[in-house]
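The whole structure should be built from the sequences, with the hints applied where relevant.
Residue numbers (full-length UniProt numbering), protein chains in the order written: chain A, 1 to 448; chain B, 1 to 559.
Since the hints were derived computationally from the structure, they do not count as laboratory data. This one's a predicted model, so the numbers in the text were calculated from it and none came from an experiment. Please note: incorrect hints may appear among the correct ones.
[Claimed, not checked] Below, a list of computed lysine to any residue pairs in the SDA-like style, where the Cα atoms sit at most 20 Å apart:
#1 K65(A) with F399(B)
#2 K384(B) with V136(A)
#3 K231(A) with V136(A)
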Amino acid sequence: MKGLEQKNHENRNSPWIKCIYGRLALLCLSAAAIRYWLIFFSKYQTTIADHLEISTPLNSWKRVKEGLYLYSIGINPYDGDMLHEIPTSLFFYQYITEKLGLSTGVIFIISDIATAIILFLATRHYMFLIYVEREVNKDHYAKETDEYLYTNMDLGKAPLYVAATFLFNPYTIFNCVGFATTVFYNCFLSMFLFMLLSRKAYMSSLFLSICTSISFYSIILTVPMWLQFHKQFKGKLRAILSVIFFVMNFAVLLFIGHRLDNTNAFFENVYGFILSVPDLKPNIGLFWYFFTEMFDHFRELFIFSFQINATILYLIPLALKFRNDVFLLITALLYILTIFKSYPCVGDVGLVISLLPCFKHLFNYSQQQFLIFVIYLVTFCLGPIVWHLWIYSNSANANFYFGVTLAFAVAQIFLVTDILFVYIKREFCLHFGKKRKIGQKDAILVLE
Amino acid sequence: MHYAFILLLFTFIEICISEEDVFTEELLIKPLNADNVYTHFHFTTKWNVPDSGFSSHSRIFPRILGEIIERYNVQELHIGLTNGLWRYEKWGYPVVSASPGGEIWTWFKPDTKDVDKNWKELTNSLSGLLCASFNFIDSTNTISPEFSFRPQGIIDNSEKVNSSYLKYSSLPREIVCTENLTPWKKLLPCNAKTGLGSLLNSGYIHNTRYHSLGLHLRRICTDKYCSHTGLELQQTISLVYDSKTLGTRNWSLIKFFGQGILNSCDLAESSTIYIDNKMNSSNPFRLTLKPDEVITSIRGGTVSEFAKYNVGKTIFSVGVDYLTQKEVTINQLPVLYAHQYLSGYGKENGGLVLKITNNHWSELDVVVLQNIPWYLQLYLHTLKITVGDKMLKPIKLKFKPGKLRTRYHHLEILLRIPAKSVATVSLNFDYTFLKWQEYPPDANHGFYIGSAIISCYLPLARDFVGLPQDGSMIRDSFNASRSGYLVQIRTETLIVTLPTPDFSMPYNVICLACTVVALAFGPLHNITTKRFILKVKDDRTLLDKIKAKLGINLKKKED
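Structure (structure tokens):
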């Protein structure tokens, strides 16, 4: 192990790695330029910001502005129904907009670029873990399975691909240009990933608690965090300690929120809002039309089942199955959250898509790449069109937009199940070889 | 405080009532311009409430109202049921202003325990009493305005006016018709059989450009020293007739109401008709009947002349014949008027614009009250008040944000509008997507937004015919010069079309969305609970498999 780390250390200092940093800088600069142009020079900023795929009631900057304004004239913003951000976030936004002296656009660009860099660093840690795992287990793998393994070149480049996917993904670009506060959430989430993969128990629990206080769904990531530190420290105590840290930090954040707000109205307005889904404005998720058309009698039953479906239904089975690869587990959980949470936006989609290059070695064996890509493309174009037809020209109706969001959800479900499927298939092949024969007879691989 | 003049001052209402209850009826007829005639019925009942309480016997006063007041601990009650819009620019100001649809506001006594409960029960009772949809009023569409309303009668402790005991609600969609008029008429002592009430034939009343029923209850002093309090009920009907629908410019009671007055109401202390002679100067007319008296009233520097008729026992009708052909007259705009409209297109977001015109030569302080439903999500930071190109800063702003499905937005703005200018108040909002069962049966008809109310103390009484606060009859408004004249302008009600879902889809949507959820559950379940194994490939064709299966079955049967 020591030798490997030494080797890796040397690798990092080689000119090839330096070149990677150069490329990263170039990527960041060009991505910043695109965002800067869209925000400050094009006339599309408000159009993008008003779009429902980008701004949901939870993350819309217009609502933050409303909250800050109400606060400034002495009205409790949680008294009404416009603000669904926690008080600490509100004070953070107040600080960055009023005290920092930078324009809002610049702050959003900086956070987005920072997220990309942090993701780059986080995934580099992950790639290193994969590298170590490959080197350690090399002898146990079956013969002729090299194609399933990462090449050194891929290992080096994957983080760069991650950064590039994050920076040039239209979903994240629109998310940043539309001033969705998901930008900050993504930044904290990537910090959590970075801290987790660089094995810092306290810091990762801190960032996870920040993420959880912003979007309550992130609480399920405590399970992968626990798994990671359980594996790392080879002891339960310290792993449990990280969870305790998380609970403490979260409690402190809530307490600060309570002190800032003085009333407890924000609980209902933030977490109650996320969980009970009172605002049925369309978004890219499944909740809005389902609960628009739901019979009042069954509303609660289905809210409970949909929330359970989004959070804990898949948590334990996935955690058991993928306990050895925490990063994959987190990616899968984030994906499922993005599909099934109550107010998803393209910013969430952009982040999970940008994690995919880490699983580049699985792509060759996934079966539905083309289909998924086409659905992504079609829904990306068709969504705004049918929205316009429905809301502005009155020639379509809600079903059209619902169809698009359904297709989008299906594409994402295909993507995540495909990757998990390929992953376990790869595990099987690595250990038992590619041959599909029992004795002399042909055999097939089945799940049983 | 600099806006204190908006608040009504509570002067003792020095009205001495010797008898237990007194009833007076009055009719004011005022030609508004060449085409429109305004008729305003004013029935006033004063009751010197005995010590046994409001539900005790009364001679004239409708007992049902007394019971309601006692039961729900009501201090003051104001109801308006209106069809049509009062056009301030053309018609000046009415005696009692009312917003289109139904409108109700109530002051509860400060010792009321649960105001919301009383309010809900009160509106339900009134709904039954007047056959109106007041039962749809509850805490979700009620506000408690802070600056716009003050008690009009006496209150126990004049220093404590707490707006939390005030409830205001409007029903802009309410359609006012005969079924409201009939129970309203039943509250009159002579029950529309004799006296001025006999003129109120629904067939004629609903033929007008504007008709408004009003019911105003307040507490008054019954003697000079206010040692005893009484109740005062003002029942009003305002009508605006259009000469085009009447067919002729010359009008009379018979033309308006289909009949003259056959006999007077014996219970009424007085029964009077006033005809405003002001238009006589521009469009000369001749009264068909010589008036009993001609009253000259000087009020706030404006001189007006009224012809007064006392209704007697004989059959009786008054009217007017115009002397000349119709002349084009210049319409003198009133001092203050306002309009409200929607801006934006599409069903995603829009704006609300209110334009207030000040025609006076000096600045005017106004209070704007907006009562905006929760299905519009307001952005207060987009509130923009401009006069021309200049921004106008509100003197005071009161905003209680609404909440989805629980509370209306309540916005009150105190403004100082410069002389001879138009102030524009605009505000942006998002439309809300409702649950499919929350839409009314005709969902694409749209949703109503109630009128904005603009209250102002006018310094001059031009176009003003309202009663002074200390008066309860039209005759009290003659020569009643005061320091200010309170007008409350109600703007247009608005209608918005919210985005609608497909109402025929609930089963399909539930099925499709659940299918997608199942689509994730299946593979994830397989991946997490099963593992890969190699199995010998079965080369048999489908037919062979079926045969094999059947073979087994046959074998089993043979066994």
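- prompt: Against the structure shown, which of the earlier numbered hints fail to hold, in ascending order?
  reply: 2
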